[in-house]
Every structure is written in C-alpha cells, then in structure tokens.
Amino acid sequence: NGGNKSSLFSGKRHIKPNTNNSIHDNNYNLDGIGSKWYVHERRERAESLHAIQEREITQEREQKEWELLMNEQLAIEKEIANENELKKKEEKIRQKQQEKNKERQRLKQQKQTKKKSGINGSKKDSNDTDK
1 NGGNKSSLFS
11 GKRHIKPNTN
21 NSIHDNNYNL
31 DGIGSKWYVH
41 ERRERAESLH
51 AIQEREITQE
61 REQKEWELLM
71 NEQLAIEKEI
81 ANENELKKKE
91 EKIRQKQQEK
101 NKERQRLKQQ
111 KQTKKKSGIN
121 GSKKDSNDTD
131 K
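Residue numbers (UniProt numbering): 1 to 131.
Heads up, a few of these hints could be off.
Pair ranges (Cβ atoms, derived) [as the list claims (entries may be wrong)]: (1) 39 with 76: 34 to 42 Å; (2) 102 with 62: 56 to 64 Å; (3) 57 with 78: 25 to 33 Å; (4) 113 with 88: 32 to 40 Å; (5) 81 with 105: 31 to 39 Å; (6) 81 with 103: 31 to 39 Å; (7) 99 with 76: 28 to 36 Å; (8) 109 with 86: 50 to 58 Å; (9) 66 with 99: 45 to 53 Å; (10) 68 with 43: 32 to 40 Å.
With a straight-line Cα cutoff of 20 Å, these simulated DMTMM-like cross-link-like pairs (lysine to aspartate or glutamate) come out [as the list claims (entries may be wrong)]: (11) 114 with 103; (12) 115 with 99; (13) 111 with 99; (14) 89 with 77; (15) 88 with 99; (16) 92 with 103; (17) 88 with 77; (18) 87 with 77; (19) 102 with 91; (20) 78 with 67; (21) 89 with 79; (22) 96 with 79; (23) 87 with 99; (24) 64 with 54; (25) 102 with 90; (26) 89 with 99.
The hints are simulated quantities; they were obtained by calculation from the structure and are not laboratory data.
Only a predicted model underlies this, so the values are computations on that prediction, with no experimental measurement involved.
We put the beta carbon where it would ideally sit given N, CA and C, even for glycine.
Make a model of the complete structure from these sequences and hints.
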C-alpha cells in the first residue's frame, strides 16, 4: 500500500498517499508528474490539441470542398461561354444561309419574270444567271 513509485521524468520519488483520510490525500505531490493538477493539465492540453487538430482537418476539408466548388463553377461558366459562342456561330451561319436562300429566290423570280416577258428567254442565258 505505502510503496514508492519512481518517475522517469523528474528523478523525484513520488509517494502514494495513504488511503485513509489523512491530511496528505488531496495535497500529494502537487508539483510532480503524478499530481492531480499535472494530470488534469496534461489532459486539458491533449484535449485542446486534439480539438485544434480536428479544427485544422475540418478547415482543410472545407477548403478542398470550396476549391472543388470553385473549379466546378469555372467549368460550368466556361461551358456556358462555349455554348453561347457556338450559338452565335450557328446564328451567323443561319443568317448567311437565309441570305443565300433569299438570293436564290430572287434569282429564280428574276428568271421566271424574264421567261414570262420573253426577254433573254433562251436556255443558254438562263444557265448563265443560275451561276
């Protein structure tokens, strides 16, 4: 019961308190490794260190998630920009096609009116206007 316990850290000898209600029970080794204060302090430090590590891990995870979201948003914005660019090009092509169709219609109309009026009604001339 009353045996000694040596400490590897301080070289001091720590004496276990008596289990009976002596005056030494609560005051035993208040400055040493085995003291209740020291153990409590170490536990608090370990808990706060653990909490700090948890916070850092959480912050890193949130940072990575944020970066992924930003990259995703950039990709979406690029895709939208590409789609808009493609729509503009398609619209230009459509307009050119409409202009060509209008020109063809105009030439056909012109050819038909010339045939009806008899001016330049020969086959050779009508082929020239088609080109």
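Hints, one by one, checked against the model:
1. Remark: the range hint 34 to 42 Å for residue 39 to residue 76 is contradicted by a beta-carbon distance near 55 Å.
2. Between residue 102 and residue 62 the Cβ separation comes to about 59 Å, which falls inside the hinted range of 56 to 64 Å.
3. A hinted range of 25 to 33 Å for the beta carbons of residue 57 and residue 78 is consistent with their spacing of about 32 Å.
4. For residue 113 paired with residue 88, a C-beta distance near 37 Å keeps the hint of 32 to 40 Å intact.
5. For the hinted restraint 31 to 39 Å between residue 81 and residue 105, the CB-CB distance of approximately 36 Å keeps it satisfied.
6. Between residue 81 and residue 103 the Cβ separation comes to about 33 Å, which falls inside the hinted range of 31 to 39 Å.
7. As the Cβ distance of residue 99 to residue 76 is approximately 35 Å, the hint placing it in 28 to 36 Å holds.
8. Remark: the range hint 50 to 58 Å for residue 109 to residue 86 is contradicted by a beta-carbon distance near 34 Å.
9. Separated by about 49 Å at the C-beta atoms, residue 66 and residue 99 satisfy the suggested range of 45 to 53 Å.
10. For the pair residue 68 and residue 43, the supplied restraint of 32 to 40 Å holds, since their beta-carbon distance comes to about 37 Å.
11. Distance restraint check for residue 114 and residue 103: the Cα-Cα separation of roughly 16 Å lies within the 20 Å cut-off, and the hinted pair is therefore satisfied.
12. Proposed proximity of residue 115 and residue 99 is contradicted: the alpha carbons are some 24 Å apart, above 20 Å.
13. With a CA separation close to 18 Å, the supplied pair residue 111 and residue 99 stays within the 20 Å bound.
14. A distance of roughly 18 Å separates the Cα atoms of residue 89 and residue 77; the hinted pair therefore holds under the 20 Å criterion.
15. Simply put, residue 88 and residue 99 have alpha-carbon atoms about 16 Å apart, close enough for the 20 Å limit, and the pair holds.
16. With a C-alpha separation of about 16 Å, the suggested pair residue 92 and residue 103 falls inside the 20 Å cut-off, and the hint holds.
17. For the hint linking residue 88 to residue 77, the alpha-carbon distance of about 16 Å falls within 20 Å, and the restraint holds.
18. Using a Cα cut-off of 20 Å, the hinted pair residue 87 and residue 77 holds, with the two alpha carbons roughly 15 Å apart.
19. Of the pairs offered as hints, the one joining residue 102 and residue 91 holds, with about 16 Å between alpha carbons and a cut-off of 20 Å not exceeded.
20. Between residue 78 and residue 67, the direct Cα distance comes to roughly 16 Å. Compliance with the 20 Å bound is thereby established for this hinted pair.
21. For a cut-off of 20 Å, the pair hint linking residue 89 to residue 79 stands: about 15 Å separates their Cα positions.
22. For the hint pairing residue 96 with residue 79, the CA-to-CA distance comes to about 26 Å; that exceeds 20 Å, so the pair is violated.
23. With a CA separation close to 18 Å, the supplied pair residue 87 and residue 99 stays within the 20 Å bound.
24. At most 20 Å may separate the alpha-carbon atoms for a hinted pair to count; residue 64 and residue 54 meet this at roughly 15 Å.
25. Restraint check: the Cα-Cα separation between residue 102 and residue 90 comes to about 18 Å, which is no more than 20 Å; the hinted pair holds.
26. Using a Cα cut-off of 20 Å, the hinted pair residue 89 and residue 99 holds, with the two alpha carbons roughly 15 Å apart.
In summary, the structure is inconsistent with hints 1, 8, 12 and 22 from the numbered list given earlier, while agreeing with the others.
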